[in-house]
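A.B. asks: Below, each chain spelled out in residue letters.
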Amino acid sequence: MFGRKREDTAKEPEARASFFRRLGSRLNRGSAWLGLDLATLLGGRRVDSEILAELEARLLTADVGVEATEHILADLGTRVARQELADAGALSGALRTAVTEILEPCAQPLVIDPERRPFVILVVGVNGSGKTTTIGKIAQRLAQEGASVMLAAGDTFRAAAIEQLGVWAERTGSALIAQQAGADPGAVVFDAVQAARSRGIEVLLADTAGRLHSQSHLMEELKKVKRVIRRVDPTAPHEVLLVLDANQGQNALAQALQFHEAIGVTGLALTKLDGTAKGGIVVAIARKLRLPIRFVGVGEQAEDFGEFDAGAFAAALVEGAGAAGLAS
Amino acid sequence: MFDTLTQRLTRAVNSLRGRGRITEENVSEILREVRVALLEADVALPVIKGFVDSVKAQALGTEVAASLTPGQAFIGILHKELVALMGGARAGFSLRAEPPLIVLLAGLQGSGKTTTAAKLARWLIERQARKRVLLASTDVRRPAAMLQLERLAGQVGAEYFPADSGTAPADIARAAAQQARRGVFDVLIVDTAGRLHVDEAMMQEVREIDSAAEPVERLFVVDAMAGQDAVNAARAFSGALDLTGIILTKADGDARGGAALSVRAITGQPIVFLGVGEKPEALEPFDPERMASRILGMGDVVALVEQVQREVDTDEAERLARKVATGKGFDLTDLRGQLEQLQRMGGLGALLDKLPATAAQQAVSPDQGDLQVRRQIAIINSMTPRERRQPGIIDGSRRRRIARGSGVQVQDVNRLLKQYLEMQRVMKSMKGGRLRRMMGALKGKMPPD
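These protein sequences, in sequence, are chains A and B.
All letters in the first sequence, in the order written, are residues 15 to 342 by this note's numbering.
All letters in the second sequence, in the order written, are residues 193 to 641 by this note's numbering.
A couple of the hints might just be wrong.
As the list claims (entries may be wrong) - What the simulated footprint calls covered on chain B by chain A, stretch by stretch (three residues with Cβ under 8 Å from a Cβ of chain A suffice, anywhere in the stretch; the number is not a length):
| # | region |
| --- | --- |
| 1 | 223–234 |
| 2 | 448–455 |
| 3 | 569–580 |
Stated by the list, open to error - As a list, the in silico DSBU-like pairs of lysine-lysine whose alpha-carbon atoms are at most 30 Å apart:
| # | chain 1 | residue 1 | chain 2 | residue 2 |
| --- | --- | --- | --- | --- |
| 4 | B | Lys323 | B | Lys471 |
| 5 | B | Lys248 | B | Lys323 |
| 6 | B | Lys610 | A | Lys302 |
| 7 | A | Lys240 | A | Lys302 |
| 8 | A | Lys240 | B | Lys471 |
| 9 | B | Lys241 | B | Lys272 |
| 10 | B | Lys471 | A | Lys238 |
| 11 | B | Lys248 | B | Lys272 |
| 12 | A | Lys302 | A | Lys238 |
| 13 | B | Lys323 | A | Lys237 |
| 14 | A | Lys302 | A | Lys237 |
Please keep in mind that the hints were generated in silico from the structure rather than gathered at the bench.
These numbers were taken from a predicted model, which means no experiment stands behind them.
The beta carbon of each residue, even a glycine, is placed where N, CA and C say it ideally should be.
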């Protein structure tokens, strides 16, 4: 699933299609969202401003946020007024298009440049967003594709975080660089980059402690980790991956903004999309920051983790599982 | 960036000021702002609807006292409604149950259950004199989750119930409860694996853990940053377990914490505690009055004072107070200590969050202020111990050296020294009761209950 420069970017349409079928079904688990009961909502009624108000409520309930919702509905409202969107099909189609248009520029898979060895991925995020699990899943995928992987236990703060990453290293056959709890995270990552370089490792995934974006001293620590990596390899980190929990609301936008401001986020991973949370905040983030969305996680299994596809995501969000096949 | 809820409501109510009275017309304008503000604060839409309706009914029906401006009257109504929605009164925690008090923690993945278990244990041990607290983990899924709780137990002085990750979670819970009874423990806290509310198998598992442990308190742990879906999760957990309370975690961030409002409204259970930091002591009893005041831009002066008390080393503070009282011996090392304390409290940004919106707006930008603080610490660090004790000896040549050493301009060093002299002058003039009177004046600015 990872793009490789100068290699055949042989995509596996079948695997992708099945991932998005899973995405579609997971996103609509529990209470139905837009797609499933859009028909009920319309129920043969004409599309009018009342229905738009209901759509607004639904977008807001999906955590899309006030600003992005207003943006989407402003355009739909104009078209409804011009009577261009008379039936349910046309309205949901227009909604899907509007969401896709916002997400499309952000659907950029992670490209691992083989020239960069090790290709350093620094994984950051607030507490409990799913950083370590995401690292485990990425490592698993990379290992399946035959890449050599090393994990760096940069979370030296939380109790047993090192051991948690160690379990993932064992499961995925990755190398692990760790120091004792309480060690300087910069030093751990520095060691790891050097070790990865001397062992010829292809991809280094560096874990970091969860931190709230509003805590300036912890953001400073992160900046230092980045500076330290640069001392070994001025081109690294090659990816700064911010992990966002789909259950989070509008604060995720503040997280993205502040992590980006502090260390320059180059990609997002959206986790825990398998609940009833719709992850609509990703639409707001895409609109505001245009950061590449690299991965989405829809479950605990390794195969419940894939690349982000704007059209399929919008379809899954708006129309439910049936439309997800469009991905292939 | 979005404005904070505080700023937004302040602006909305300000637009009402000067109109004389609350009318059907101008109230709906404000309620729209309130609705948007609450949405941006992640309060769930159905909860907002009910809230806005009851605020409107009250606002229109209430006689606005002649002495009050309509804005103040409106803030009063909002405050009262928010308090009512979040609990109405201080929430309790059943400490009077016959020991062992068994507590079950449940919630989504990453909400902070394990950290909260340790914080709760520490709170019970240190604040409530429950000497023997047993911690048990039934999280057989997340790698090293059990080890995490074991380590945390050691940190907070609780005992850990050792279990094997091959054992069924309900069996672990049952054995831990037996151990708690046999071992004459005061409290048993049962941690559970994070689970999705739509995962039927996992929800069944937590029900089994519940009936095996027979807890008195079943607490739902929810992230203060949670979005609209928090209501669905809360409803499902509330359906599976007979919840007795809520713990709101990660409340030290800048999330507006709308989840607190929603989850409270959906489950009907009180929010018992707030998690306000990563350390085991960062747990505060939830106070709806304070939370409502903070939401409404009245600031959280009480929390600020409590935080200062918690972070400031009391011996150090007393030593300093003596120096301040006499105006003698306050040197640059003391100044550095003060600056470092400011940093420990999360920097100016964290402190400004707790001040009323209008006061916070007038203050310096927190980032610039924090940079300034860091710089000043660096300057003091570049001095010799003798220079810190006797700043008088710092001449031009020393100033240049200090500036080079700390990477600042000579002017910055000058400014710091001038500030220090100014502080010393103020301290000398401020003997005894002055400081206490100032604190008294500050208290007077706190929101009325």
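A.B. asks: With reference to the structure, classify each hint as holding or not holding.
C.D. replies: To see whether the hints hold, each was checked on the structure:
no., hint, in the structure
1, 223–234, "holds (count 5)"
2, 448–455, "holds (count 3)"
3, 569–580, "violated (count 0)"
4, B:Lys323 <-> B:Lys471, "holds, 20 Å"
5, B:Lys248 <-> B:Lys323, "violated, 49 Å"
6, B:Lys610 <-> A:Lys302, "violated, 44 Å"
7, A:Lys240 <-> A:Lys302, "holds, 24 Å"
8, A:Lys240 <-> B:Lys471, "holds, 25 Å"
9, B:Lys241 <-> B:Lys272, "holds, 16 Å"
10, B:Lys471 <-> A:Lys238, "holds, 22 Å"
11, B:Lys248 <-> B:Lys272, "holds, 13 Å"
12, A:Lys302 <-> A:Lys238, "holds, 27 Å"
13, B:Lys323 <-> A:Lys237, "violated, 42 Å"
14, A:Lys302 <-> A:Lys237, "holds, 23 Å"
Checked against the numbered hints given earlier, this structure breaks hints 3, 5, 6, 13; the rest are met.
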